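Chemist: Here is what each chain is made of, one letter per residue.
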Amino acid sequence: MTSISLWKRKTRSTRNIQNKTFDTIENRVSFYQSTSMKHKTLFDKIWDAHVVESVDATQDILYIDRHFIHEVTSPQAFSGLRERQVPLFRKDQTVATADHNVPTINQHQRITEPLSRIQVETLTKNCAEFDVNLYGLGHPNQGIVHIIGPELGITQPGMTIVCGDSHTSTHGAFGTIAFGIGTSQVEQVFATQTLLVSKPKRMRINISGELNPGVYSKDLILYLLSKLTAGGGTGYFIEYAGSAIEKLSMEARMTICNMSIEMGARGGLIAPDEKTFDYIKGRDFAPKGEDWDKALAYWKTLKSDQEAEFDKEYHFDAAEIEPMITYGTNPGMGIKISERVPTRIDSAKPESFQNSLDYMGLEPGQELLGMPVQNVFIGSCTNSRIEDLRIVANFSKGKKVNPNVRAMIVPGSQRVRKQATEEGLDRILIEAGYEFREAGCSACLGMNEDKIPAGEYCVSTSNRNFEGRQGPGARTILASPLTAAAVAIHGKIVDARELV
Amino acid sequence: MEKIEIFTDTGVPMPMEDIDTDQIIPARFLKAIDKLGFGDNLFYDWRYDKNNEPNPDFVLNNPIYSGKILVAGKNFGSGSSREHAAWALHGYGFRVIISSFFADIFKGNALNNGLLPITVSPEYLDHLLQKITENPKTPITVNLPEQYVRIEPDGEKMSFDIDDYKKMCLLNGYDDIDYLLSLKDKITEFEKNRSYVAPPLR
Numbered sequence: 001m002t003s004i005s006l007w008k009r010k011t012r013s014t015r016n017i018q019n020k021t022f023d024t025i026e027n028r029v030s031f032y033q034s035t036s037m038k039h040k041t042l043f044d045k046i047w048d049a050h051v052v053e054s055v056d057a058t059q060d061i062l063y064i065d066r067h068f069i070h071e072v073t074s075p076q077a078f079s080g081l082r083e084r085q086v087p088l089f090r091k092d093q094t095v096a097t098a099d100h101n102v103p104t105i106n107q108h109q110r111i112t113e114p115l116s117r118i119q120v121e122t123l124t125k126n127c128a129e130f131d132v133n134l135y136g137l138g139h140p141n142q143g144i145v146h147i148i149g150p151e152l153g154i155t156q157p158g159m160t161i162v163c164g165d166s167h168t169s170t171h172g173a174f175g176t177i178a179f180g181i182g183t184s185q186v187e188q189v190f191a192t193q194t195l196l197v198s199k200p201k202r203m204r205i206n207i208s209g210e211l212n213p214g215v216y217s218k219d220l221i222l223y224l225l226s227k228l229t230a231g232g233g234t235g236y237f238i239e240y241a242g243s244a245i246e247k248l249s250m251e252a253r254m255t256i257c258n259m260s261i262e263m264g265a266r267g268g269l270i271a272p273d274e275k276t277f278d279y280i281k282g283r284d285f286a287p288k289g290e291d292w293d294k295a296l297a298y299w300k301t302l303k304s305d306q307e308a309e310f311d312k313e314y315h316f317d318a319a320e321i322e323p324m325i326t327y328g329t330n331p332g333m334g335i336k337i338s339e340r341v342p343t344r345i346d347s348a349k350p351e352s353f354q355n356s357l358d359y360m361g362l363e364p365g366q367e368l369l370g371m372p373v374q375n376v377f378i379g380s381c382t383n384s385r386i387e388d389l390r391i392v393a394n395f396s397k398g399k400k401v402n403p404n405v406r407a408m409i410v411p412g413s414q415r416v417r418k419q420a421t422e423e424g425l426d427r428i429l430i431e432a433g434y435e436f437r438e439a440g441c442s443a444c445l446g447m448n449e450d451k452i453p454a455g456e457y458c459v460s461t462s463n464r465n466f467e468g469r470q471g472p473g474a475r476t477i478l479a480s481p482l483t484a485a486a487v488a489i490h491g492k493i494v495d496a497r498e499l500v
Numbered sequence: 001m002e003k004i005e006i007f008t009d010t011g012v013p014m015p016m017e018d019i020d021t022d023q024i025i026p027a028r029f030l031k032a033i034d035k036l037g038f039g040d041n042l043f044y045d046w047r048y049d050k051n052n053e054p055n056p057d058f059v060l061n062n063p064i065y066s067g068k069i070l071v072a073g074k075n076f077g078s079g080s081s082r083e084h085a086a087w088a089l090h091g092y093g094f095r096v097i098i099s100s101f102f103a104d105i106f107k108g109n110a111l112n113n114g115l116l117p118i119t120v121s122p123e124y125l126d127h128l129l130q131k132i133t134e135n136p137k138t139p140i141t142v143n144l145p146e147q148y149v150r151i152e153p154d155g156e157k158m159s160f161d162i163d164d165y166k167k168m169c170l171l172n173g174y175d176d177i178d179y180l181l182s183l184k185d186k187i188t189e190f191e192k193n194r195s196y197v198a199p200p201l202r
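Just so you know, the sequences run in chain order A and B. The numbering used here numbers the first residue of the first sequence as 1 and each following residue consecutively. The numbering used here numbers the first residue of the second sequence as 1 and each following residue consecutively.
Since the hints were derived computationally from the structure, they do not count as laboratory data. All figures in this text were calculated on a predicted structure; none of them were measured in a lab. Each residue gets a CB set at the ideal place from its N, CA and C atoms; glycine is no exception. Hints are not guaranteed to be accurate.
[What the hints assert, rightly or not] Here are some chain A residues pointing at chain B (derived, C-beta under 10 Å):
| # | residue |
| --- | --- |
| 1 | 52 |
| 2 | 115 |
| 3 | 159 |
| 4 | 291 |
| 5 | 329 |
| 6 | 355 |
| 7 | 361 |
| 8 | 446 |
| 9 | 473 |
Using the sequences and the hints given, assemble the complete structure.
Modeler: Have a look at this one:
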C-alpha cells in the first residue's frame with residue numbers, strides 16, 4: 001500500500017476519534033469558561049492562543065511559531081518527509097545550526113571523525129534540499145541552538161518554540177512556551193507546523209528577595225532542583241516569578257529556564273519585562289519600526305493575571321541560597337558547597353542512592369570542600385553566554401589554572417566568542433591557562449572529542465551530571481561559572497566567596 | 001508503527017531509579033542518520049565493560065532474564081529528549097516498560113514508536129520486581145484493549161491509564177503525523193486568523 005493511501009485510510013479512523021470524544025471537549029470548553037477564562041496564567045494565555053483544535057480532554061493541536069533543528073535529532077525526520085512525499089510546511093519558521101557533534105578546534109577544517117562528519121554533512125544537504133536557513137559550521141551565526149535563538153532575536157515573547165533537544169526550555173526566559181521534542185515530533189512540525197500534545201499543569205515558583213553576592217542563577221536553579229528533585233516538575237509547566245527573578249539579567253534567566261527540564265518539567269517561563277524588550281530590540285530578527293510597536297503592545301499583555309490559579313505553587317527566599325554543587329548522578333542531587341554529602345535522601349531508594357555515590361567515588365557524610373578536581377568545563381546552553389565568560393575572566397585575571405587541572409572554556413556561539421575576543425576576555429583566559437575553544441555543545445555531552453577521562457572529576461557549568469554524560473566513567477560536579485573558575489585555579493573544590 | 005494488543009511474556013527487572021536517556025543510549029551512539037541498530041548499543045555503558053566485554057553483573061547479560069517487558073525504577077527516561085532511547089529499547093526487543101513514574105518526553109517518544117509505557121503504583125512495582133526476582137520465568141500479561149497488567153496465573157488485574165487517542169494509535173499502529181496531515185486546511189485557517197504574528201524569518 002502506498003503511503004498516501006495508507007494515510008487516507010488512517011485519516012478516516014482518526015476522525016472517528018474526534019466524534020467519540022466530542023462530549024469531553026464540550027466539557028472541557030465549559031470548564032475553561034467557568035474557571036480560567038477570566039483569570040489566566042501566562043502559560044495559559046500563550047497556550048490557548050496557539051490551539052488549532054482540541055482533540056480530547058487533555059490533548060490539543062498546538063501551533064508552533066519557531067522550530068529550531070540541529071544535526072543529531074533531525075536526519076530521521078527529514079527522511080520521514082521524503083518517505084511520505086510531504087513537503088516542509090513552513091520553512092520560514094525553521095532555523096538550523098550544527099552544534100552537538102561539532103569539533104571545538106579547527107572548525108574551518110573538515111571534521112575528522114567520520115560519523116560526525118556524515119551527520120553534519122547530512123544536515124547541510126537536508127537544509128539545501130528543503131530550503132531551510134542553516135547557520136552551519138563556519139557561519140558567523142553558528143552556535144548552540146539555545147544560545148543563537150535569543151542572540152539573533154528569533155526567540156520572542158508569546159511564541160511557541162520547539163526543538164529536538166530537551167534544553168529548548170531555555171527560551172522560556174523570554175516568556176515563551178518552549179519545550180524539547182522527539183524526532184517523530186520534529187517530523188510532525190516539519191510537515192504541519194503543529195504538534196498533538198497534552199496540556200501540562202501549571203506550577204509557579206516564587207523567589208523573593210535578592211541573591212547574595214557570589215551566588216548566581218545557576219546556584220538558584222540547582223537549589224530549586226535539590227528541593228523539588230529531578231522528577232518534581234514532571235507533568236508541569238513552570239512559571240518562575242518573584243522579586244529575585246525580576247532582578248536577574250536575561251542571561252541569568254535563561255540559565256534558570258534551561259534547567260527546568262532537569263526537574264522533569266515540560267518547560268519553564270518568565271514573564272517578559274523591560275529587560276526582555278531591551279534585550280530583543282535591534283537584534284537581527286527582532287521586529288522593526290511599526291512591527292516593533294505592534295509586538296511590544298502584545299508582549300506587554302503577557303503576564304499571569306493576579307487571580308490566576310496554579311496547580312502547584314512554591315515560595316522560596318533568595319537569601320537562603322548559597323553556592324551549590326552536585327554530588328550525585330542527577331541534577332537534583334545538589335548541596336550547598338559548605339555542606340556534606342547526605343547519608344540518605346527521601347527522594348531515592350537506598351540502593352539507588354548508594355549506586356550514585358559509588359559511581360561518583362564519594363562517601364555519605366563526606367565534605368566536598370578541598371576535594372581535588374582534575375577538569376573544569378565552562379560551556380553548554382546553560383552557562384556559555386558572554387556574562388558567564390566575563391565572570392570567569394574577571395575571576396581568573398592575573399591567576400593561573402592549577403597545573404593538575406585541564407580547564408576548557410567553550411563559548412556558546414561564534415558571536416559570544418567574537419564578543420569575548422573584542423572585550424579581551426580570550427587573552428585573560430588563555431594567559432590563565434584555559435583552552436579557549438570554538439562554539440558547540442562540546443563536553444556537556446561528549447559527542448565530539450571533548451570528553452572527560454574515566455574516573456576523573458569535572459566541575460562543569462553544564463546541566464547534567466548523569467553517569468557517563470561527559471564521557472564513559474566521567475564524574476561530573478555541576479556548579480556556577482564562578483565556582484568552576486575558582487576550582488580551576490585552586491585544583492580543588494573551593495567556595496569562591498572566600499577568595500574574591 | 002508496530003501494533004500492540006495483548007500478550008504474555010516474562011519481564012526484565014531494572015529496579016534502579018532515575019534511569020536517564022544517557023544511560024539508555026549514550027550520546028556517542030547518536031551519530032546515525034537512520035533509526036536502525038540502536039538496540040545493539042542499548043544501556044551500553046552498563047552492558048559492557050571498558051574493554052567492550054559484556055558485564056556479567058548487568059541484567060541484560062544474565063540469560064535467566066528475558067522477555068519483551070522491562071520493569072524499571074521510578075522516573076524512567078529522564079533527561080535528554082533523544083528519541084534514540086525509544087528506538088534502542090524497541091530495537092532490542094522491548095515492547096512494554098513498566099515503572100511507577102516516567103519522564104514526560106520519553107513517554108511521548110515511546111508511544112510514537114510502538115513502545116507502551118505503563119505507569120503502576122510504587123507498591124505494585126515493588127511487588128512485580130520481587131516476583132520477577134523470585135522467579136525470572138514469571139509470566140506477565142499486558143492487555144492494552146482492557147488496560148491491565150497481570151502476573152499469571154492468579155495475580156489481580158492491575159489497571160493502568162492511557163489516553164484514548166494514544167491507545168487507538170497503538171492498537172492500530174497509527175502515527176500522530178497522519179492525523180495532523182489531515183488537519184492542514186484547519187491549520188492554514190488558524191494561521192490566517194491569528195491576532196498577532198511575529199514577522200517572518202526571511
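Chemist: Could you run down the list of hints and mark each one as holding or not?
Modeler: Against the structure, the hints:
With a cut of 10 Å, the hint placing residue 52 of chain A at the interface with chain B holds, because the nearest CB-to-CB distance is about 5 Å. Of the supplied interface hints, the one on residue 115 of chain A holds, with its beta-carbon coming within about 4 Å of a beta-carbon of chain B, less than 10 Å. Interface restraint check: residue 159 of chain A against chain B, minimum CB-CB distance 7 Å, threshold 10 Å, status holds. Residue-level restraint check for residue 291 of chain A holds (minimum Cβ-Cβ distance to chain B is 5 Å; threshold 10 Å).
Contact between residue 329 of chain A and chain B, as hinted, is supported at the beta carbon level, the nearest pair being about 8 Å apart and thus within 10 Å. The criterion of a C-beta within 10 Å of any C-beta in chain B is met by residue 355 of chain A, whose closest approach is roughly 7 Å, and the hint holds. With its C-beta approaching chain B no nearer than about 16 Å, residue 361 of chain A sits outside the 10 Å limit, and its interface hint is violated. Hint status for residue 446 of chain A relative to chain B: holds, with the closest Cβ pair at about 6 Å, below 10 Å.
The interface hint given for residue 473 of chain A holds, since its Cβ lies 7 Å from the closest Cβ of chain B, which is under the 10 Å cut-off.
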